[in-house]
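**Q** Single-letter residue listing:
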Amino acid sequence: MEGRPLEDAELARRAREGDDGAYAELVRRYGPIAFRVAWLVTRDRDEAEDAAQEAFVKAYYALPRFRSDLPLRPWLLRIVANEARNRARSGRRRERLALRAAAVSDRDAAPSPETAALAHEDRDALVTAMNRLEPRDREVIGYRFLLGLSEAETAEVLDVRLGTAKSRLSRAMQRLRAVLEVET
Amino acid sequence: MTERLRDLSDERLGAALAELDVEWPREPDLTPGVSARLASTPSPSAIRLPLRRRTRVVLLAAATLLLLAGAAVAAKLVIDLGAVVVRVSESPGTLPSPSQVHMGEPIDVVRAGTLQGSPIGIPEALGPPDRVWADRVTTDAGEVVRVTLAWRPTDELPPIPGSRFGAVLMRFEGSANIAFKVVYNDTGTHSSAFVGGREAFWTTGSHRLQLLTGEGVATVRVDGNVLLWPDEPYTLRLETALPEAEAIQVAESIPGTS
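In order, the protein sequences belong to chains F and D.
Here the first sequence stands for residues 85 to 268, numbered as in the working numbering.
Here the second sequence stands for residues 207 to 464, numbered as in the working numbering.
Calculated directly from the structure, the hints in this document are not laboratory data.
Owing to the predicted nature of the structure, the values given are computational and were not obtained by experimental measurement.
Any given hint might turn out to be false.
Said to hold, decoys possible - Derived Cβ-Cβ restraints for the label pairs, each shown as a range:
(1) F:258 to D:450: 55 to 61 Å
(2) D:324 to F:266: 45 to 51 Å
(3) F:247 to D:316: 28 to 34 Å
To be verified - Just a sample of chain D residues kept apart from chain F, beta carbon distances all over 12 Å, derived:
(4) 317
(5) 322
(6) 402
(7) 412
(8) 455
Quick reminder that beta carbons are idealized off the backbone N, C-alpha and C, glycines included.
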């Protein structure tokens, strides 16, 4: 894979034709965000890793159904999210890890306006509130803002229409505010 | 302090969340694990074919199996019937013990049909079912509904080995993999069949069924006789203790099938 990185569609096409290297490249490309999507749902590192791996296997077999004119990333992430949800529902009860804010470091010396406005206590309050949300709300907020997916990608990963995703996000934000209010 | 957060617009609150800089768990390299899992399964070209081609594969696979069995060669074939994928392979020695399967919530047959998008065809040979369940299953193609009907044994309907029912009919919505059946060469037999002119798959003897349920994946040892056939957009699975010809008669007594 020298030179300019191949487009997703080209890698997917090659993978469909049996090029294992092309599929490995897609796994490398989207493995990190796939893991995070799975972790947002399972909040268990091992389970998230297993779900993400299994999802990539399922995606491999589903490649012939993938429409090459559509973006690959949300399609992959939807499979990952579904796999993670199935595992989360499967009844295995583990201690779920909570979201944590990273320690403030030197790189915050030149913060963005939002960061500058986000005082340490605010960060703690936001993280605590996120952890207290219902999984469904945490998922939509996590995809949209923590992982930075677009609204369209968030809708696809949730497997709902764009309008539904927007209203679900809006309701989740309302509930986040409600949790913040309780904490005050 | 959180008062200020609460007063932010969705856009500003979203921006604040985006700036949170969450401490994610260390991301593993998924590539080796995915490669290992893929190496233990067949290539995708053997799995996802358009339905007509897939059903032709059933016949081809059955014919191939006869050849392979004659030559005592280990077979490892995959047959895709839509919502149900069948793999034929060597027995691992002992079959897993059956586990309790959550079939979903009890429901009446009319509502079950509404949930799945079209009325459920009841086999006239069996009459109204004694039990109906519906389960929502999340697959790679989205959320789909599986409906299960069950009939208690009667004089004409012997009990399925290991079951309190004489017949179980499942209707799977969509073409996503909801069930994965493993038929072992030495404990089960398998062949092609026809239901209402449609190519079908007939299995007898102990085999293993992995079923995606709303609560996760359940693994079941199946000792009954199973008839699988596609009826687009559904896949149907009839389990009984009946011989093949009678099971096909039951299947073909579903209105619109024969």
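**Q** All hints are to be evaluated individually against the structure, with a verdict given for each.
**A** Going through the hints against the structure:
no., hint, verdict
1, F:258 to D:450: 55 to 61 Å, "58 Å, holds"
2, D:324 to F:266: 45 to 51 Å, "46 Å, holds"
3, F:247 to D:316: 28 to 34 Å, "30 Å, holds"
4, 317, "22 Å, holds"
5, 322, "18 Å, holds"
6, 402, "27 Å, holds"
7, 412, "25 Å, holds"
8, 455, "35 Å, holds"
Going down the numbered hints, you'll see the structure goes against none, and every one checks out.
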